[in-house]
Each structure stands twice: as structure tokens, then as C-alpha cells.
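K.L.:
Join these two chains into a complex; the hints should help.
Which chain is which? The protein sequence lines are W and R, in order.
Under this note's numbering, read the first sequence as residues 1 to 72, first letter to last.
Under this note's numbering, read the second sequence as residues 1 to 208, first letter to last.
Take every hint as true, because none was put in to throw you off.
EDC-like, lysine to aspartate or glutamate: derived pairs with alpha carbons at most 16 Å apart:
1. W:K50 / R:E53
2. W:K9 / R:E152
3. W:K20 / R:D159
Derived coverage of chain W by chain R (criterion: at least 3 residues anywhere in the stretch with Cβ under 8 Å from a Cβ of chain R; other residues may be distant):
4. 1-10
5. 13-25
6. 42-53
Don't read these hints as lab results, they were simulated from the structure.
All C-beta atoms, glycine included, are put in the ideal place defined by N, C-alpha and C.
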Amino acid sequence: METIDARGKSCPLPIVIIAKAMKNLLPGQSIAIRADDRAFPEDIRAWCRKMRQELLSLESKGAFFEAVIKKA
Amino acid sequence: MNQAAAREAAPSAASERLLSLEREVRALAERTLEHSSRLDSLAEVVRSAGQSEQLSMVVFSGSLDRLIAAFVLATGAAASGMRVSMFFTFWGTAALRKDRAAVKKTLVERMFGWMLPKGVRKLPLSQMNMAGGGPAMIRYVMKKKGVASLEEMIAMSADLGVEINVCTMSMDLLGLKPEELIDYPGRCFCGVAKFLETAAPGKLTLFL
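Just chain R, same shape as in the assembly (with noise of 0.2 Å):
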């Protein structure tokens, strides 16, 4: 009688032995699951703690001197593992202007249109602007001692992913259209508010 009590209950208390080890094997599992997001999660804070050094720019100029010095420190920037950021505003907006467009104007905005430079390979400069001699020389220079050209740094930087936000009150105030701008990948019509947020958590801020 005894005995086949026994038989019968060993099969029982091995079926419960392989329950507790399958729920062990499981509450494993879920811990192990867990910290496993909890380690992505770190991973991720870890990776935009590497990439918060950042530059960015208020491009406020629009002469060729300065819009130089601007490109230099983005391209060498990107280059460097940061994330740039320009901000374009009033007479950087106007520097970005294609060589020609066609657009519908104001009369106010077409006279603004007539004074302002006509392009990248328009712009003045901010001193020795000699009446367009001054630009000429410099550019002469700059391909002499093998220093990039604007046009040749806007590009390196589109390919870096130097970010370029334009800022659309100054756009408005000029009588600049989106179509009238040279095309740049990403490029980002905006205003102070995106600026600031790209901005504050960056050390490196400057207006040029």
C-alpha cells in the first residue's frame, strides 16, 4: 500500500521540482531582459553624452570675410566629431542667395532685391571691399595658398552635416524667398525659439 503511495507521488513532486525550476528559469529570463534595456538605455546616454559637444553659429554678417571665418570653424568643427549648428540671420540670410532666381516681388522687396548681393560669389567685404576689387584679390589669394573657396566649403559642410536653419523673419524683412536661397541638404526655415533649443545645450555658441 505504501509503496504504491509512493510511486505515485514521485512522479508528482518531480513534475512540481521541474514547475519551480521552469518558473526560476523565467523570473531569469525577465531579469535578465530588463537589464538588458536598462543597458541600452545607458548605451544611449552614454552615446548623446559623446555627441552633446557641439558648435553653433549666429551668421549675422554677410560679407565674404566673415562668412569665410564662419565656414572654417564649421567644416572644421564637423570634422572634429561635433554637431554644428548655423543660424542665418539678416545679412547671412541675404548671403545665401542663389546667383540668379525667379520670383514674384513686391516693389519694396525687388529694390532690396537690387541692393543686395547676387549670390555667394557676389559678397563684399567687410573692409578693403574696394568696390568688388577687394573680394576679387582675396579670392585670388585663397586659390593660391590653397585655402577652400566658399562655395567649396558650403559643400564640404552639406557633406559634414553641418546643419543650416534661416531664419524667416529676416527672409520676410528682406522680401527673400525659400526658392531664392541656394539649396542646401536640410536646410531648415525657422526662427529664434529652434535656434535656442539647438543652442543651449552647446558651450561653443558665437554670432558672427
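Bound-form chain W, shown alone (with noise of 0.2 Å):
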């Protein structure tokens, strides 16, 4: 699975960096990525609903976020 880092990017560049990345990917491939963004956890968990992706999982690393996406 590709780890995308967006970790030092402030709003909206985490979102617009994942819009492109699922592009990439087939129905049912998963992507993670890492962000430290304030607003990346309420963020990603719009954004995953809103578009009707999965958010297998979203946690908090200390330093980061790390969120993994499967794409519907």
C-alpha cells in the first residue's frame, strides 16, 4: 500500500493531494496518508463521506495523523 506524506502542508493541500492520489487507484486499493494539519481529522472524515470512500482507519501518531483510504 502507498503512503502519501503530506505532513507540513496546511489546508487544502492534504485533501486536493489525496483527490489525486485515488484517482490512481483501482475499486477496492487502499492508500495512507500522513498529515499533521489541525483540521486534517475532521477534514478526511468529510471528505471520505462525502465523496463515499472508506476510511479503514484514522490515528493519531504523535507528531501526525496517518489515515488509511480504500476507494469504493
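P.N.:
Here it is as C-alpha cells:
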């Protein structure tokens, strides 16, 4: 599984980056994204709901968050 | 005699049965085609309904802070699957100027040219401008905090398919020529009718 690093990037970059990356995935494939933007947990949840993508996990790893998303 | 007649009749009955079968198959095929075209048009309706979520913005202001807000919204919405349409008018139009462009102008147009910001990099802040010190500080802070610069956000918007419409009336008033404005894929020079047509079906329209 690919991991994208959006650490150090602020809103709306993490969302823009994940939106682009998801386009290259096949349905059923997953991708991880790391970000330290404070809006990231709320934004990634909202984005997944809106885009009907499955948020497999969202964890705080101390200095950053890591989300794993499965393409619908 | 009767046997012969029966022999004659048998093939014709069979061929009639064949013919009627053929007719039935044809009718079925036609109905199937009809259904499939109806399904196609239904699918189109569903597809366009899914895309009907859109964000329309009137960008009236030409200050750096307001433009940053406008483009954060635009890129965020486009990345969330929404159609985004921006309509630049008045100072917003002027904010789309290139750093430099040689064009012929009248005296009044030239005067406007001197007073309007020359390029996205030269935009003032709506507050705390401090004779250009404010924008420099904001840009420095943005870079430090990982916020994309306005130029980067405009490039991202182009990449994400955000539509930019430019009000020709403001261009005329401010003496701005198309070749003076930043190159943006599919930029459209238009008026209020085009904006209204685009914005009317959407639920989200902002004036910045």
C-alpha cells in the first residue's frame, strides 16, 4: 500500500493531494496519508463521507495523523 | 390426394411459424434497444445529478487575503468532487493581471494601469497592508506554515478544473486587455448572464 506524505502542508493541500492520489487507484485498493494539519482529522472524515470513500482508519501517531482510505 | 395436400401444406405452415417467430424476435430486439436507450438516458440523469453539487463565487475583491480565501475554497471544493466556477469582477479582475504585458492603451487606461497591482505577486492585503509590508509578512508566514502560495493555488485550481470567468465589463472599465491577464486553461470572458446560468442550479454561491 502506498503512503503519501502531506506533513508540513496546510489546508486544503492534504485534501487536494489525497483527491489526486485516489484517482490513480483501482476500486478496492487502499492508500495511506500522513498529515499534521490540525484540520486533517475532521476534514478527511468529511471528505470520505462526501466522496463515499471508506475511511479504514484514522490514527494519531504523535506528531502527525495517519489515515487509510479504501477506494469504493 | 389428401396426403399430397398435407405434404404441400406442411412446409408452408412451418415457414409461417418461422416468419411469426422472426417477427417476435424482431419486436423483442426493438424493445430491448428501446429499454437500453432509456437506461442510457437515465444513467445520464443520475450522472448529472451527482455532479450538480457546485460552488460558485463572485470574486469582487482584489486583495491577497481575500483571494487566498477564494482559492482555498475553490481547490478544496474541486478536490471534493464539486464543480467550481469563479466569476472575477472589478478589483478581482485586476488581481488576475500578469507581471508585465505590452498592450496599447488610452491615457485613462494607462492611469488605471499604474494604480492597479501589477501581477498576483503584487497584491495588497485588505487589512494591515502597511505599504506592502503586510503581504510580504503573510507570504513569509504562509510559506513557513505549509500553506500553498496564491500562485500555487491558482495552478492547482487549473489542474483540478476550476472554471474562471472574467467580467468583460470590469475589464473595459479598468482598461484591462485579455493578453494582460494570467493564462488560465479555459478562462472565459463573459458577463453576468453566463455567471447566473452557471450559478443558478447550485446551492452554494459566495461573494468575496
